[in-house]
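Residue strings, one per chain:
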Amino acid sequence: MAELEAGATKGPQRPRPLSPHLQIYKMSLTFVMSGFHRVTGFVLYFGILLLAWWLIAAASGPNAYANFEWFMGSLIGRLMLLGYTWGLIHHSLGGIRHLIWDTSRGLEHAERELLALATIVGSISLTLVVWVIGYLAMGGPR
Amino acid sequence: MKDAQMRTPMRRVRGMGAAHTGTKDFWHQRVTSVAGIPLTIALIVIAIALLGRSHAAAVQILGSPIVAIIMLLFIVNIVYHMWIGMQEIIVDYVHEDKLKLAALMGNTFFCFGIAFASAFAILKLSFGV
Numbered sequence: 001m002a003e004l005e006a007g008a009t010k011g012p013q014r015p016r017p018l019s020p021h022l023q024i025y026k027m028s029l030t031f032v033m034s035g036f037h038r039v040t041g042f043v044l045y046f047g048i049l050l051l052a053w054w055l056i057a058a059a060s061g062p063n064a065y066a067n068f069e070w071f072m073g074s075l076i077g078r079l080m081l082l083g084y085t086w087g088l089i090h091h092s093l094g095g096i097r098h099l100i101w102d103t104s105r106g107l108e109h110a111e112r113e114l115l116a117l118a119t120i121v122g123s124i125s126l127t128l129v130v131w132v133i134g135y136l137a138m139g140g141p142r
Numbered sequence: 001m002k003d004a005q006m007r008t009p010m011r012r013v014r015g016m017g018a019a020h021t022g023t024k025d026f027w028h029q030r031v032t033s034v035a036g037i038p039l040t041i042a043l044i045v046i047a048i049a050l051l052g053r054s055h056a057a058a059v060q061i062l063g064s065p066i067v068a069i070i071m072l073l074f075i076v077n078i079v080y081h082m083w084i085g086m087q088e089i090i091v092d093y094v095h096e097d098k099l100k101l102a103a104l105m106g107n108t109f110f111c112f113g114i115a116f117a118s119a120f121a122i123l124k125l126s127f128g129v
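Chains A and B, in that order, are what the protein sequence lines are.
Residue 134 in the working numbering sits at position 134 of the first sequence, with consecutive numbering throughout.
Residue 34 in the working numbering sits at position 34 of the second sequence, with consecutive numbering throughout.
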């Protein structure tokens with residue numbers, strides 16, 4: 001009742017309640033995976049420039065394609081491609097998780113934790129699998 | 001008494017939301033995410049198949065009808081998904097009106113630019129002009 005009465009008093013001096021933000025919540029895996037989904041989506045948005053460059057270079061000719069291949073073969077290029085691969089797979093798995101939730105399944109506490117864990121473990125494992133297959137397809141690391 | 005005065009804010013907002021397009025974006029984001037699953041797998045397979053190949057071989061593979069069609073579908077689908085997704089991020093974090101409108105406009109320009117440039121490249125590879 002004391003709070004109710006205090007809330008009824010008017011005046012600019014009383015601090016208004018603020019909506020809780022990031023730093024007030026306890027970190028949890030589901031919370032971090034939710035953030036990862038948005039962040040990977042945001043980074044993939046700009047990462048598509050690599051895909052567009054690839055296609056435009058191929059359409060432009062051997063010299064443009066050689067430039068693209070030189071960049072992607074460099075350490076920076078490989079790191080960007082590794083990040084793009086992981087981001088794409090992580091965002092895909094996170095998206096599948098959201099689609100499962102859209103059917104109102106998998107929302108119990110244990111199921112949420114399992115799905116969050118499956119997203120991160122799955123994305124890292126699948127990224128490694130894709131890169132191993134990629135290097136095998138090229139005939140070993142160069 | 002006018003009908004408008006009898007309506008509560010809740011009634012006005014229900015169904016159409018602040019953007020007046022209802023749940024269209026939500027639903028289209030789901031449609032493009034479902035389509036994105038097989039298309040992303042296909043993109044990864046195509047990318048691996050092209051690793052370390054010469055320009056001539058890359059052109060031949062990317063220009064073949066089935067690969068070109070998959071790439072076109074991937075680009076159009078993913079760009080639409082990106083467009084909605086970035087719009088959602090912008091309206092979540094950018095609250096200043098002018099900045100928000102500029103960001104939303106920039107989002108549209110970027111997405112159309114990527115889509116048309118990539119689609120043009122794929123079609124050029126296919127038709128070999």
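No wet-lab data here; the hints were simulated from the structure.
Even for Gly, the Cβ is constructed at its ideal location relative to N, Cα and C.
Fair warning: there could be bad hints in the mix.
To be verified - Residues from chain A that face chain B, not an exhaustive set, calculated with beta carbons under 10 Å:
#1 Met-27
#2 Phe-31
#3 Phe-36
#4 Ser-92
#5 Asp-102
#6 Ser-104
#7 Val-130
#8 Ala-137
Each hint, compared with the structure:
1. Met-27: violated, 20 Å
2. Phe-31: The hint is violated - Phe-31 of chain A has no Cβ within 10 Å of chain B, the shortest such distance being about 16 Å.
3. Phe-36: This interface hint is violated because 14 Å lies over the 10 Å limit.
4. Ser-92: OK, holds: Ser-92 of chain A within 10 Å of chain B, min 5 Å.
5. Asp-102: This hint holds: Asp-102 of chain A lies near chain B, its Cβ roughly 7 Å from the closest one there, short of 10 Å.
6. Ser-104: violated, 14 Å
7. Val-130: Holds. Min distance 6 Å.
8. Ala-137: Check passed: Cβ of Ala-137 of chain A comes within 5 Å of chain B, closer than 10 Å.
When the structure is compared with the earlier hints, violations turn up for hints 1, 2, 3, 6 and for no others.
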